[in-house]
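**Student:** One letter stands for each residue in the lines below.
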Amino acid sequence: MTEAPRVPALTLARVFWRCLFLQAAWNRRGMQNLGFAYAIAPALRALYADPARREEALRRHLGFFNCHPYMAAAIVGGAIHHEEQVAAGAEPGQGPLAYKQTLQGPLAAVGDGFFWTALRPFFGALAAVGGLVYGIPAIVAALAVYNGIHLALRIGLFRAGYRRGDALVSTVARLALPVAADRLRAAGAVLCGLAASILVVRAGAAGGPPASILAGLAAALGYLALSRGARLLPAAYVAALAGVAAALLLGHLHGSG
Amino acid sequence: MAYLVLGLIAGLAAVERKGFLQAMLSRPIALAPVAGWALGDAAGGLLVAPPLELFWLGAVNLGAAVPAHEALGTAAIAGGAVLAGRALGTGVTPEIAILAVLVAAPLAVLGRRLDRAMEGGLNERIACHAEQALAEHRIREAIRCNLYGLAAPFALAAVLAPVGAALAASLIPRFLQAMPAAAAPLRLGFFAFAALACASGAKALRARAAPLFFFAALAVGLAARLALRGSGP
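Heads up: the sequence lines are chains V and E, in that order.
Numbered according to our numbering, the first sequence spans residues 12 to 268.
Numbered according to our numbering, the second sequence spans residues -14 to 218.
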């Protein structure tokens, strides 16, 4: 066994940049396998001067891989940590693979639950309400904050994976992402309700009190219909056309009154 | 020229959406104003951005699920609305916006089908090509294959978004010129759609008490508005 070689900082930065392309060729068979191999390739080049060993390392990273794209940065960092051990002869070649296989499922679940169903929808709703009230500057501000958080977590997870290897799990657990996700989802629902109230008022300004009532009904009945499994696009057509029909009916009644 | 610009923006958004970065730049709330700005009417894009964002708030890639292609739908809707508004000389109005939604929103569903076909067909062939390249010791080629996957989403969105926008931009002015009396009812149709979009957003958040939070916030927002009006001069 020799002293573990280290991947240079600049190469690590390059690997992180390539992590952003993780899903470029997402496919049903290997899912993010091509993206993972593409991301880790510069680190393998730094660790294995021998082309045969480099090819062998690349082959193990071309196997099936699927995780949340933000959380995957942690696994790429951790896989480099393990590859350094393999390159030094301190660990068998299966080490990085076992690491990936163990963590990809749990981290995918945490990432989907936090980023995709909580943080991003929350900021989407926040930007929508901001856009309705303050216009483009509010949208830019909301997206800037979202990306500040998302990139800080993505970079932090990559560094934690690389530095801590298997101890990454405790780092992720300390973040308490599921608890934060619950609060963000609740806050997001509140923002959607506020957006609906703004639109109900604007409908009233455009078409009088009946238009307000109509928009309020669309929000309430729409929620109930979607909760009972109505499909989104047909529901949109029904809402829009029902609005048109109601306006025509009101106009007719008003004209004949 | 406008269609080329729209195609470029839609293509880049389709890439950002899944293949690169995923920083919400392809979400309707960002994409619609950008598309509007590129076509000379950022305010027009802004009119459709919040309802479309909330409408497609639940369009996320969970595991192997393929969601509606909200970026393609948004680019076509915003582009079509802006171009129709320009043709009518009014800018984007709620009646133009709702007609653009009705004409171009199905592209998001078509985009999902094409995404699914691409990931199961073309991208699998790229993966096989990478494995073959590695078996032949062409390491660089095996690594580079990943980037080939960016081409098809770009091309599909770059072609389909301008087609959808062109369809909307050609139908909407004709319809509104032939039936000017439809403008007022369509305006209400827009608000009904936008209100439904808010409900769709709340539903997509999957919070345990989402209905309570949604309806309570709606009631509080309306009450606050009424109180402000009541205390006004």
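If you're looking for bench data, these hints aren't it; they were derived computationally from the structure.
Be a bit skeptical, because a hint or two may be false.
[Unchecked claim] Label pairs and their in silico Cβ distance ranges: (1) V:ARG170 - E:LEU211: 48 to 54 Å; (2) E:GLN162 - V:HIS263: 18 to 24 Å; (3) E:ALA140 - V:ALA217: 25 to 31 Å.
Note that CB positions come from ideal geometry on N, CA and C, so glycine has one too.
**Student:** None of the hints should be skipped; say for each whether it holds.
**Tutor:** Status of each hint after checking the structure:
1. Between ARG170 of chain V and LEU211 of chain E, the C-beta spacing of about 51 Å keeps the proposed range 48 to 54 Å intact.
2. The supplied range of 18 to 24 Å is met by GLN162 of chain E and HIS263 of chain V, whose beta-carbon atoms lie about 23 Å from each other.
3. As the Cβ distance of ALA140 of chain E to ALA217 of chain V is approximately 40 Å, the hint placing it in 25 to 31 Å is violated.
The structure fails hint 3 only (numbered hints given earlier).
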